Amino acid sequence: MTLQFWSQYIITIFTEGAIFGIAALGLNLIWGWAGDFDLAFYGYVALGAYMTIVLTVGQPIAPAQYIFGLQLPYPLAMLGATLAAAVMGLVVGLIALRNLRGIYFSIVTLGAVYVLYVLASQYVPLFDGYNGVFGLINPMADVLGISFNDYPAFFMVFCLVIFAGIVLILVRLSGSKFGLALRSLREDERAAAAFGRNIYMLKLKAYVLGAAIGGLAGSLFAAYVTAFNPSAWSPIEAIVLYSAILVGGKGNIRGVIFGVVIIFMVVQESTRFLPDIPGHPSVIPSLRLITIGLVLVLFLFFRPQGLFPERRYHYHLPHVQPEPETAPPAATEAAATVAVPDVATTAPAMAPAAVPAVVANAAPIESPPDILVLEGLSKHFGGVAAVDGCSFRVPKGTVTGLIGPNGAGKSTAIDLISGFKRSDTGTVTFEGTEIQNLPPHEISRLGLIRTFQTPREWPGLTVLENILLAKFEPDQETLLRSMLGPGIGHHSVAEADLARARAIIEEFGLTKLANELAGNLSGGQKRLVEFARIRMAEPKLIILDEPMGGVNPVLGERMARAIEAFVASGTTVIVVEHNLPFIERVAHQVVVMAQGAVIAAGPFESLRSNQSVIDAYLGDEVTV
Amino acid sequence: MQQLLLTLGFGLVAAAILSLSAVAFTLEYAVTNVANLSHGEILTIGAYAAYVVHQRTGNLLLSAIAAALAGGITALAMQTLVIDRFIRNRVGTMPTFIATLGMSFIIQNILVIIFGASSVAYTIPQSAPMHIGPFLWTSTEIMILLTALAITGLLFVIITYTQFGKALRAVYQNRELARVTGINAQFISAATWALAGLVAGYAGFVLAESVGSFTPYFGFSFFLITLTATVAGGLGKPFSTMAGAIIVGLVLEFIGSFNLGKYSLASYNLAFAFAILAIVILVRPRGLFTKPGRSMFE
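The listed protein sequences correspond, in order, to chains A and B.
Using our numbering, the first residue of the first sequence is number 1, and each one after it goes up by one.
Using our numbering, the first residue of the second sequence is number 1, and each one after it goes up by one.
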């Protein structure tokens, strides 16, 4: 083997590795961060390759035919190819991301790439059918005066520079608030919507950017192989990209690059030196593909997080003092409870004096205005009326307990208020604005934040990230800012936000857990993270759906005090709860629901003797 | 009108094969909650098994049995060696789904090594097309239609009336609940996959017969149409799936009978199939025969 052979070989490896690496990083944006298993991805690479050639090689010579047939300089063609892939990504994303998730999303994207494949191979006027397009030889060589012999080395450097640029953009993006928000969708979409994230738009942006990166990789690939036709690609070839991402570590940029090295260099290249078996030309390539398939299946089973799992970002928290070794949070909680003598008796005193704890309908004139008004809200599932003409009012600055037997429609009512379900009839008015037809993220942005029956933390993000993300700041989270704004990656998060998050973390006794993944926390700690997120979000109205579910009394006490602190700062709270002593402790007014409607409302005391409330709880005929 | 009825006749044959493949796919999904992307390879293996047997014996019935058995064994192996292990390890739906794509890739390339990538064909003497009512069918096509009807009828009886069918539906509704009531969910899953494999293997054989020739990739391309028919009908619901398959099969045959300038629309089958699917799924994400929710969280 001569020196020349090896230098050529190394140039081949690095050029192909850079192109393949760009494609894998684009797919990682879609699959690794946004969490969508996109089967259309290879279509964007292919479209990029086709477009680059038809934009550079000039008019087709009969009988060949294809679109455009321009003679643009190669960099312009790259731009065109990237844009074309982005446009196709936009069309596919608009259809597939609207309300499809999981396998349904994958199936539609699989369909999309096959539509492209069928069109490219059958519809001759597009890219000349099975003949394909060709003739892109050593682009930019003549302009830059690069000799035929030097061109491979030049093109390798060109690909590596673009690869480095893509890595830089994605490193910035991954730790930015846009990147964090994107990963929160992957972790829990409902919670993301509850904290103001427009799921559809975020996913669409990531998808289009990923597709564009795929198109860019395709553009480089076209220049490398000089020609492109249907036998040069098959939609399922994306499996090589999936394997690389999976082996390296989904979501981790370094991992993905490493995975590309493993899959591409080791699996693809190792067979390069095997002798061909005479008469069986397809054995070696097939063995290679079988290996890739096996690697995919085995990694999915034994190590789905890959060799290098997603990185956890450690933020520099402003003004953090080194913590002395103290007892675990639970013990601190206990100590705190002992220090506060009999909070239950002092609770009424903490209620704002101006707020009479009665239903607003009957309230005197000096009562605060209603922040939330429900009028005749109804929701049917098939023949079942889950919520049936539900009406109540919530005065500003109070705690309203929403109680009722199981199946009374409490949770559905919350879903209707917060936009997670669409009501059939009736109105929800929040601070004078009708919100019943708004999507969840818009309601959240108005200042109405809800929790769910089970804690919906973002398990794959740290406690600190969970809290940082609770604050929705449109200008901090744009795609443009994440790529070009000040600060690289997770250093771009605003100091003020970090300082505030730190204060909240300390307030809730979560300091030691700040950099722990939220998914590793205990049930009670997850509840605390939920309260901390709400504190960060600073909403006007909080709706808590069974916050006491599975919570021990010590922690319950802590939550009661947190609710009182919210009210003290002027926030309004609605609590759905089966734990009546807790309701009695925190609520100024209680709304009782049964069979989808409100059957009683008023101060807790007034309900003790209410026959219909007793009947509803004990299962007798309800007479309203 | 005459032409229309002829097209309908061909469409019925296409729909019959599609419906066999789709119902097998939907049964696999029903008991494991996994959309098996390697379903097409069961058809391919069925077709090759029949090819091998037909070359040795020349007997059509034996070839058909070989196709079904090979399909059944393949599906059973997929379920017990991969799918069931993934389910028991709680790896999650998406990773299992992705793993089936890997399996598809592995099987395709094993077949390429064994049989080569070039296409093969059965050498079956074709009878002249016969007029049956308004339709024009060959004896092979009549055989396909009759056997498809018989298999569908048999599946209907098994799913609706037998103890096994009840257990199958219970596992589909709620696997955990079925288990605590004493149903061996693992056995039901394996048996259902074997049953689905028998049907899919046979479907591979009749598909290869009606198309003429095949390659290691032919099952996968047909699977793409199977997928659209199944999802359009309703994934996991055998009879909705069949209805979806018949609709998609007929629509594709009618579209394919048109010409646009010099291009026959038949070569765009796959594109049209997915266009139909995209429209259906946008209006009814869970299939034609379901009610849509009003928000994506419902």
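These are calculated hints, taken from the structure and not from any lab test.
All values derive from a computational prediction rather than experimental measurement.
Don't take each hint at face value.
Derived contacts from chain B toward chain A, CB cut-off under 10 Å, selection only [said to hold, decoys possible]: (1) 82; (2) 98; (3) 102; (4) 110; (5) 161; (6) 174; (7) 175; (8) 177; (9) 179; (10) 228; (11) 269; (12) 278; (13) 288.
Just some of the chain B residues that point at chain A, by a computed CB distance under 10 Å [said to hold, decoys possible]: (14) 94; (15) 95; (16) 97; (17) 255; (18) 268; (19) 272.
Heads up, the beta-carbon is just placed ideally off N, CA and C, and yes, glycines get one too.
Legend entry - In rising order, the numbers of the hints this structure does not comply with: Checked against the structure, the hints that fail are numbers 5, 6, 7, 8, 9, 13 and 17, while the rest are satisfied.
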